[in-house]
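All chains should be modelled from the sequences, with the hints used to inform the complete structure.
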Amino acid sequence: MDLLVKGFLSILVPKVLLLNFIGVGVGIVVGALPGLTTTMAVAILVPLSFGMNPVSAFALLLGIYAGAVYGGSISAILIKTPGTPAACATIFDGYPLCQQGKAGEALAWATICSAIGGCIGVIFLIFLSPLITKFALRFSAPEYFGLAVFGLTIIISISGDDLVKGLSSGFLGILISTIGLDPIRGIPRFTFNQIYLLSGISLISALIGLFAVSEVLSVTEKIFQQVYVIKEKIKITLPKWSEIKHNGGLIIKSGIIGTFIGALPGAGADIAAFVAYNEAKRSSKTPERFGKGAIEGLIAPETANNAVTGGAMIPLLSLAIPGDPVTAVLLGALMIHGLRPGPLLLTENPEVVYSFFASLFVANIFLIFLGILGARYFVRVLYLSKKLLIPIILVLCIVGSYAVSNNLFDVKLTIIFGVLGYIMQKLNFPIAPVVLGIVLGPIAEVSMRQALIMSKGNYAIFFIRPISIVLLILAIICLYISFKQRKSKTEVISSSQDH
Amino acid sequence: MKKDDILSGCSLIAISIYFLRESSSLPPGSLGIPGSAFFPRLICFAFLIFGGILIIRSFKKGKVEKKIALISKQDLTRVLAVIFLCVIYLFSIPFLGFIFTTILFIGFLMLMFQVKRIGIIILWSFLITLIICFIFKILLKVPLPIGTFFS
Numbered sequence: 001m002d003l004l005v006k007g008f009l010s011i012l013v014p015k016v017l018l019l020n021f022i023g024v025g026v027g028i029v030v031g032a033l034p035g036l037t038t039t040m041a042v043a044i045l046v047p048l049s050f051g052m053n054p055v056s057a058f059a060l061l062l063g064i065y066a067g068a069v070y071g072g073s074i075s076a077i078l079i080k081t082p083g084t085p086a087a088c089a090t091i092f093d094g095y096p097l098c099q100q101g102k103a104g105e106a107l108a109w110a111t112i113c114s115a116i117g118g119c120i121g122v123i124f125l126i127f128l129s130p131l132i133t134k135f136a137l138r139f140s141a142p143e144y145f146g147l148a149v150f151g152l153t154i155i156i157s158i159s160g161d162d163l164v165k166g167l168s169s170g171f172l173g174i175l176i177s178t179i180g181l182d183p184i185r186g187i188p189r190f191t192f193n194q195i196y197l198l199s200g201i202s203l204i205s206a207l208i209g210l211f212a213v214s215e216v217l218s219v220t221e222k223i224f225q226q227v228y229v230i231k232e233k234i235k236i237t238l239p240k241w242s243e244i245k246h247n248g249g250l251i252i253k254s255g256i257i258g259t260f261i262g263a264l265p266g267a268g269a270d271i272a273a274f275v276a277y278n279e280a281k282r283s284s285k286t287p288e289r290f291g292k293g294a295i296e297g298l299i300a301p302e303t304a305n306n307a308v309t310g311g312a313m314i315p316l317l318s319l320a321i322p323g324d325p326v327t328a329v330l331l332g333a334l335m336i337h338g339l340r341p342g343p344l345l346l347t348e349n350p351e352v353v354y355s356f357f358a359s360l361f362v363a364n365i366f367l368i369f370l371g372i373l374g375a376r377y378f379v380r381v382l383y384l385s386k387k388l389l390i391p392i393i394l395v396l397c398i399v400g401s402y403a404v405s406n407n408l409f410d411v412k413l414t415i416i417f418g419v420l421g422y423i424m425q426k427l428n429f430p431i432a433p434v435v436l437g438i439v440l441g442p443i444a445e446v447s448m449r450q451a452l453i454m455s456k457g458n459y460a461i462f463f464i465r466p467i468s469i470v471l472l473i474l475a476i477i478c479l480y481i482s483f484k485q486r487k488s489k490t491e492v493i494s495s496s497q498d499h
Numbered sequence: 001m002k003k004d005d006i007l008s009g010c011s012l013i014a015i016s017i018y019f020l021r022e023s024s025s026l027p028p029g030s031l032g033i034p035g036s037a038f039f040p041r042l043i044c045f046a047f048l049i050f051g052g053i054l055i056i057r058s059f060k061k062g063k064v065e066k067k068i069a070l071i072s073k074q075d076l077t078r079v080l081a082v083i084f085l086c087v088i089y090l091f092s093i094p095f096l097g098f099i100f101t102t103i104l105f106i107g108f109l110m111l112m113f114q115v116k117r118i119g120i121i122i123l124w125s126f127l128i129t130l131i132i133c134f135i136f137k138i139l140l141k142v143p144l145p146i147g148t149f150f151s
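From first to last, the protein sequence lines stand for chains A and B.
Each residue of the first sequence is one higher than the last, beginning at 1 in my numbering.
Each residue of the second sequence is one higher than the last, beginning at 1 in my numbering.
These aren't lab readings, by the way, just hints derived from the structure by calculation.
Where a beta carbon is used, it is the ideal one built from N, C-alpha and C, also for glycine.
One or more of the hints may lead you astray.
Unchecked claim - Straight-line C-alpha distance at most 20 Å; calculated SDA-like pairs for lysine to any residue: (1) B:K116 with A:Y383; (2) A:K426 with B:L7; (3) B:K73 with A:R282; (4) A:K426 with B:D75; (5) A:K292 with A:R282; (6) A:K222 with B:I83; (7) A:K412 with A:I423; (8) A:K80 with A:E348; (9) B:K137 with A:G51; (10) A:K426 with B:F149; (11) A:K387 with B:L127; (12) A:K412 with B:V87; (13) A:K6 with A:E348; (14) A:K426 with A:I234; (15) A:K80 with A:K412; (16) A:K412 with B:F95; (17) A:K80 with A:L384; (18) A:K240 with A:Y383; (19) B:K137 with B:G147; (20) A:K387 with B:F95; (21) A:K285 with A:E243; (22) A:K426 with B:I55.
Said to hold, decoys possible - Label-pair distances were calculated between CB atoms; the ranges are: (23) A:W241 with B:Q74: 47 to 57 Å; (24) A:I416 with B:Q74: 16 to 26 Å; (25) B:T77 with A:G374: 50 to 60 Å.
Stated by the list, open to error - Some chain A residues well away from chain B (every beta-carbon gap over 10 Å; in silico): (26) L4; (27) F8; (28) V13; (29) L18; (30) F21; (31) G51; (32) W241; (33) K245; (34) K253; (35) M335; (36) I398; (37) A403.
As structure tokens, then:
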């Protein structure tokens, strides 16, 4: 409790609060713009946060995270185009509400539910992270190997529809992670006589290239196609307290669903929103209203997708396992700020970690103010021309990757990763597993080789230690759950399309 | 026949063969105590399997021949032009410096995107460059390249 108070006190300074506020605003704008992703925004702004202390940097980045997940609902409600995948389920009832002339009401509900969902996620994050960390402190090499395998199973759950291509993406990431000095024997591997590659591939170059430059190239393809027209006049109508109270149970239930799905590595905000929508429809006394503008059909996905932000931070901060692409970028940000992700993070830097909890919580409070007061203005970002935005994003990608270590070699890598990401998208390879491979590959390799040295070459070491075997079993359970979730998501989509 | 699967499969096999060849100079170690080459080779073998699966799958599915018509020629040309501009920009920075090249880069990008008003192109190029310079050079103290031509 003491640490939590310290965490809140550390962010209650004007500079940090301002950064958090700006982050939420930028996040909403990026989230609202179809084609620009949350991951892209966070990846581009990581170098910008490089000169800040970790508390300020994460106040900015977490603000973007919370803002962008919510921002996706603006375009989902108004133009039937989700700004982010997290807002896909919001369309089902959000857009019909807009067609009925209730756009303002829908936006107000989306804002309030997103903020409450986000806060529910943070509350679970505050209580669960220390518990998991306490358990994870008993880990040594074989357990870390189990943990890395567990983390790598995420690849399967975020592989999209094609498992072989998803696995190939993940393995490509692991192969890329072997570039540089061998972490055990110090022998250079695949460095192509480049001195810069001795320290391995710059994570930030890979992140910016794969998530931002490749997206820019994709948007460039359709740069002349995107013109949005909003016919409805937006007038925010706040729901009455009695209405919020009436839907309180659904809000809390959806928040809990979102948090736990978010905490499952690999299952992101989009899946959480679909599952919460499905559950709201299943438990409703009038399920036939869903898909025709039922407010409950908007409340459930919007609460759940923002609750995911807190949930996804649980495995990230306690085990260094990124649950989705955004948290993979945040993992990179932790490393860039000199913090060692993993179970030791909370014990070595408790005040910093608790400030992250506080930042995410406060970001959700800002969300209400910005969402309610600024909705009319955020809608205008949909008119922003991509022809003016793309040059800014591209220059930010280039300067950002240069700024981390002040060398142009990293920028070359960014462009190479950008082209690689673009080609992968065209050939239907998912990109997020590459990053997971790059992050988890070295952990898997080092811990596996260290464990084998410990056991004098006996592979049984991975199966006789209780935590290690539990982690391997968890990996299997996690796979099973993610398969089930994907099935449920497909069912919800198909049933909603039937309407 | 699914051409994107064939292309993907062949690419994976090519990457695998290349890295297997490169790893031949690394100490392999033993199965019990793996050396530097062990892990990369493990991945390469997985790539060979995945590549093989993709190629076989493309023939199995193969009733209708699909072209990889994922993008029109015009759009592809635009994407390639952006990549080309990025490369030129990157190689010009050490000579012409960040500010000058960035103004030109933004200007050319906007011309490519058919922004018709020259005034907007000039204003936007200068404004964005100045803002980015202010953030990175003044606020974050990043030593942006001045360029050998101007130094």
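Comparing the hints with the structure gives:
no.: 1; hint: B:K116 with A:Y383; in the structure: holds, 18 Å
no.: 2; hint: A:K426 with B:L7; in the structure: holds, 11 Å
no.: 3; hint: B:K73 with A:R282; in the structure: violated, 47 Å
no.: 4; hint: A:K426 with B:D75; in the structure: holds, 13 Å
no.: 5; hint: A:K292 with A:R282; in the structure: holds, 15 Å
no.: 6; hint: A:K222 with B:I83; in the structure: holds, 16 Å
no.: 7; hint: A:K412 with A:I423; in the structure: holds, 17 Å
no.: 8; hint: A:K80 with A:E348; in the structure: violated, 46 Å
no.: 9; hint: B:K137 with A:G51; in the structure: holds, 11 Å
no.: 10; hint: A:K426 with B:F149; in the structure: violated, 40 Å
no.: 11; hint: A:K387 with B:L127; in the structure: holds, 15 Å
no.: 12; hint: A:K412 with B:V87; in the structure: holds, 8 Å
no.: 13; hint: A:K6 with A:E348; in the structure: holds, 15 Å
no.: 14; hint: A:K426 with A:I234; in the structure: violated, 37 Å
no.: 15; hint: A:K80 with A:K412; in the structure: violated, 38 Å
no.: 16; hint: A:K412 with B:F95; in the structure: holds, 16 Å
no.: 17; hint: A:K80 with A:L384; in the structure: holds, 17 Å
no.: 18; hint: A:K240 with A:Y383; in the structure: violated, 31 Å
no.: 19; hint: B:K137 with B:G147; in the structure: holds, 15 Å
no.: 20; hint: A:K387 with B:F95; in the structure: violated, 28 Å
no.: 21; hint: A:K285 with A:E243; in the structure: holds, 17 Å
no.: 22; hint: A:K426 with B:I55; in the structure: holds, 17 Å
no.: 23; hint: A:W241 with B:Q74: 47 to 57 Å; in the structure: holds, 55 Å
no.: 24; hint: A:I416 with B:Q74: 16 to 26 Å; in the structure: holds, 25 Å
no.: 25; hint: B:T77 with A:G374: 50 to 60 Å; in the structure: violated, 39 Å
no.: 26; hint: L4; in the structure: holds, 31 Å
no.: 27; hint: F8; in the structure: holds, 27 Å
no.: 28; hint: V13; in the structure: holds, 18 Å
no.: 29; hint: L18; in the structure: holds, 14 Å
no.: 30; hint: F21; in the structure: holds, 17 Å
no.: 31; hint: G51; in the structure: violated, 4 Å
no.: 32; hint: W241; in the structure: holds, 43 Å
no.: 33; hint: K245; in the structure: holds, 45 Å
no.: 34; hint: K253; in the structure: holds, 40 Å
no.: 35; hint: M335; in the structure: holds, 19 Å
no.: 36; hint: I398; in the structure: violated, 7 Å
no.: 37; hint: A403; in the structure: violated, 4 Å
This entry does not satisfy hints 3, 8, 10, 14, 15, 18, 20, 25, 31, 36, 37, going by the numbered hints stated previously.
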